[in-house]
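A.B. asks: Given next are the chains, with one letter for each unit.
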Amino acid sequence: MAARTAAEPRPQPGATIQDDVILDVEGLSTHFRTRDALVRAVNDVSFRVRRGEILGVVGESGSGKSVTARSILGLVPAPGRVVSGAVRFKGRDLLQMAESERRQVRGAEIAMVLQEPMTSLNPVLTIGNQLGEMFTAHPERAPRSGSVREWVADLLGRVRIPDPIARMAQYPLSFSGGMRQRACIAMGIACRPDLIIADEPTTALDVTIQAQVLHLLSDLRDEFGVSIILITHDLGVVAEMCDTVAVMYAGRIVEYADVDTLFATPRHPYTRALLGSLPRFGGPRLRRQQTIEGQPPDLSRPPSGCAFAPRCAQAEDRCHEATPPASPIPSHNGGGSVRCWVVMDELSGIPGMRIVADGTLAVSAAHLDGGA
Amino acid sequence: MIEPASVSAQEERARTGHAGADAPVLLSIEDLKKYYGGGGMKLPFQAARTPLRAVDGVSFQVRRGQNFGLVGESGSGKSTLAKAVLRLEPLTAGRVRFDGADVFTLGGAALMAFRKATHIVFQDPNSSLSPRMRVGDIIAEPLVIQGVPGREVRRRLDEVLGLVGLSSATAQRFPHEFSGGQRQRIAIARAVIGEPKLIVLDEPVSALDVSIRAQILNLLRDLQERLDLTYLTIAHDLAVVYQACDVVGVMYLGKLVELAPSEDLFGEPLHPYTRILLSSIPIADPRQRNRERLPLRGEIPSPKAPPPGCTFHPRCPIAVERCATEIPDWREVRPGRWVACHLVESRPNPPTPFPAREGGVFG
Numbered sequence: 042m043a044a045r046t047a048a049e050p051r052p053q054p055g056a057t058i059q060d061d062v063i064l065d066v067e068g069l070s071t072h073f074r075t076r077d078a079l080v081r082a083v084n085d086v087s088f089r090v091r092r093g094e095i096l097g098v099v100g101e102s103g104s105g106k107s108v109t110a111r112s113i114l115g116l117v118p119a120p121g122r123v124v125s126g127a128v129r130f131k132g133r134d135l136l137q138m139a140e141s142e143r144r145q146v147r148g149a150e151i152a153m154v155l156q157e158p159m160t161s162l163n164p165v166l167t168i169g170n171q172l173g174e175m176f177t178a179h180p181e182r183a184p185r186s187g188s189v190r191e192w193v194a195d196l197l198g199r200v201r202i203p204d205p206i207a208r209m210a211q212y213p214l215s216f217s218g219g220m221r222q223r224a225c226i227a228m229g230i231a232c233r234p235d236l237i238i239a240d241e242p243t244t245a246l247d248v249t250i251q252a253q254v255l256h257l258l259s260d261l262r263d264e265f266g267v268s269i270i271l272i273t274h275d276l277g278v279v280a281e282m283c284d285t286v287a288v289m290y291a292g293r294i295v296e297y298a299d300v301d302t303l304f305a306t307p308r309h310p311y312t313r314a315l316l317g318s319l320p321r322f323g324g325p326r327l328r329r330q331q332t333i334e335g336q337p338p339d340l341s342r343p344p345s346g347c348a349f350a351p352r353c354a355q356a357e358d359r360c361h362e363a364t365p366p367a368s369p370i371p372s373h374n375g376g377g378s379v380r381c382w383v384v385m386d387e388l389s390g391i392p393g394m395r396i397v398a399d400g401t402l403a404v405s406a407a408h409l410d411g412g413a
Numbered sequence: 005m006i007e008p009a010s011v012s013a014q015e016e017r018a019r020t021g022h023a024g025a026d027a028p029v030l031l032s033i034e035d036l037k038k039y040y041g042g043g044g045m046k047l048p049f050q051a052a053r054t055p056l057r058a059v060d061g062v063s064f065q066v067r068r069g070q071n072f073g074l075v076g077e078s079g080s081g082k083s084t085l086a087k088a089v090l091r092l093e094p095l096t097a098g099r100v101r102f103d104g105a106d107v108f109t110l111g112g113a114a115l116m117a118f119r120k121a122t123h124i125v126f127q128d129p130n131s132s133l134s135p136r137m138r139v140g141d142i143i144a145e146p147l148v149i150q151g152v153p154g155r156e157v158r159r160r161l162d163e164v165l166g167l168v169g170l171s172s173a174t175a176q177r178f179p180h181e182f183s184g185g186q187r188q189r190i191a192i193a194r195a196v197i198g199e200p201k202l203i204v205l206d207e208p209v210s211a212l213d214v215s216i217r218a219q220i221l222n223l224l225r226d227l228q229e230r231l232d233l234t235y236l237t238i239a240h241d242l243a244v245v246y247q248a249c250d251v252v253g254v255m256y257l258g259k260l261v262e263l264a265p266s267e268d269l270f271g272e273p274l275h276p277y278t279r280i281l282l283s284s285i286p287i288a289d290p291r292q293r294n295r296e297r298l299p300l301r302g303e304i305p306s307p308k309a310p311p312p313g314c315t316f317h318p319r320c321p322i323a324v325e326r327c328a329t330e331i332p333d334w335r336e337v338r339p340g341r342w343v344a345c346h347l348v349e350s351r352p353n354p355p356t357p358f359p360a361r362e363g364g365v366f367g
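Chains A and B, in that order, are what the protein sequence lines are. Oh and the first sequence: position 144 is 185 in my numbering, straight run, nothing missing. Oh and the second sequence: position 361 is 365 in my numbering, straight run, nothing missing.
Same shape as in the complex, but just chain A (with noise of 0.2 Å):
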């Protein structure tokens, strides 16, 4: 792989989506084996990130977000294990490579930014000699020219970090939470990354310092094309960033689609629920808030069939027996899916929408806007 320098654009400047495909889930599932159980914590979960993209990993705690991205990384915690699946990156299957080589890919390739910024820095270490080791560890993704402390100037001045000389002789200590975010940031997309994964960024910040990181965000991808999968519980910043959405339920991706269409007609009635249950600005305030009853399952004895059945209304007797499959719906990027036997139904009486041999649904391309 040819070394980049600063100064040199990227080939997509100012980006949207491009067509090619980075990274390529399929199947993938991951398994935490303790003493007395067996937590299917992610289960036959699929989705593709093309280059430039904002994904959207939308889900509450436990249905398998964080596992999803570790488990694209290599770094399933132990008793956890990739158990199935592949996971192409630029057509190479992470999951088949050494461990010394997805070494290489990770923090160069593909950068991840965690939720808690100090826990991520180290606190003994200043921010300048945290960063440059980037450019030691990964030396080929260097810039040819210049020296390690105007890289790291270079880039805290990216992720807007007043006076990056001075700042780099601090500890992350004298950082204030927001600034400590930037430089996991900064430090994220060091080696110039084709993929970043942000696993609740802003979730510890306050929330025009959210506003603050998510601009930056967004501007990152629209100079470098760099692509973002973004985990996330907050479906407000799902709505302002990301240009798909994968909402995931009990370890599944339950729906997926573009942001637009799953905002405008969610169609798995857990999204619907999710949806109905934000507190809104504006309009009227309700006197009791729509809720979605019961807790999500205990993944280590997860119920039979469809896991939100218990707390679906709609859930009918089949719910319960069978999981129902990943069945396609209309959706911009082409590649929409919802996982529910009720709305599979109402599918099949909409044109172009056909149930095929295996009892799946299929779309005739023609009905796909913008996905032939």
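Honestly, the hints are just simulated from the structure, not real lab data. One or more of the hints may lead you astray.
If you want the footprint, here are the derived chain A segments under chain B, 3+ residues with CB under 8 Å [what the hints assert, rightly or not]: (1) 207-221; (2) 242-255; (3) 269-277; (4) 310-319; (5) 326-339.
Beta carbons: idealized from backbone N, C-alpha and C, even for Gly.
Given the coordinates of chain A, assemble chain B onto it according to the supplied hints.
C.D. replies: Here is chain B on its own, set in the frame of chain A:
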């Protein structure tokens, strides 16, 4: 005995949409200041110690049956204020009146009665509930401290478990056996068992999953009506505050900058900080992606050295010279609407929309 709310409070809510607009004042906070450090003995060669001004002159009133919301970002002083209201911390200056009495002069039986009449629910039920106590003991502890006889304690315990939607069997179990939402129900049961008048809710749903938040918000609303409670809600999630609170105060750097009925504040914010805060909230509707946003520049200044004049002026997009020198008065610009800003005029139409200095639009 836990009694239903008075009929008048319910009628009031039905008529005005928000409770207690004319109800008697339950809690009155007068020019409250809470500084940390800065005092004590100064050694001859020691640098002068400057106090951290966590709360710096805040006044407001909470009426019976209201849900009063305090919003602000980290470091704005809202949690310090809550602790001061409950007399968990001594004050630097000012006064807190509860039911007419000065809270900080109470002693003996009167103080005990105040402790009984107030309670707090914390953000994170994982850390606010003792892991070694059974749920029944956690909930009943306030009554035990008050010396309520055992039989009565058990009767009331059953009653509140029912009120918060938990089964009687819950009492025998430990907190770790419950999910976050259920643990918050336990914390709420503990708060209401002593029949308080005022409950401080410090980020009551922030640690909970989205699908559980609405359940807890509804529970709090039901309890407020059934038990005739007054709430002081502290939250940074503005959508939660909009839906839950009747009156909202916005804090910045230890001071209130704006106070108004919820619909007014969210419908037409007056203070520049409030306007920026509201425009920063991500809206769960992709069609509103390209709306104008007002970015907030820089970071919150240190409360040890707050800027002179209006403390918001270094970050304010419309600040004028006067803002850097003169502290704005806390004044009622319209009925029920209080603002501390030189540039908000006391007239019934809004100030001119301010142009953001650096383009204003992002996204």
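A.B. asks: Three residues or more, CB to CB closer than 8 Å: is that satisfied between the segment 242-255 of chain A and chain B?
C.D. replies: It holds: at least three residues are needed, and the segment 242-255 of chain A offers 8 whose Cβ sits within less than 8 Å of chain B.
A.B. asks: Using C-beta distances, would you say chain B covers the segment 207-221 of chain A, given that this needs three or more residues below 8 Å?
C.D. replies: With 4 residues close enough to chain B, the hint holds.
A.B. asks: Are 3 or more residues of the segment 269-277 of chain A near chain B, judged by a Cβ distance of less than 8 Å?
C.D. replies: holds (count 4)
A.B. asks: How does the coverage statement for the segment 326-339 of chain A fare against chain B, requiring three or more residues with Cβ below 8 Å from a Cβ of that chain?
C.D. replies: holds (count 11)
A.B. asks: At least three residues with a C-beta closer than 8 Å to a C-beta of chain B: is that true for the segment 310-319 of chain A?
C.D. replies: holds (count 5)
Hint compliance for this structure: every hint is met.
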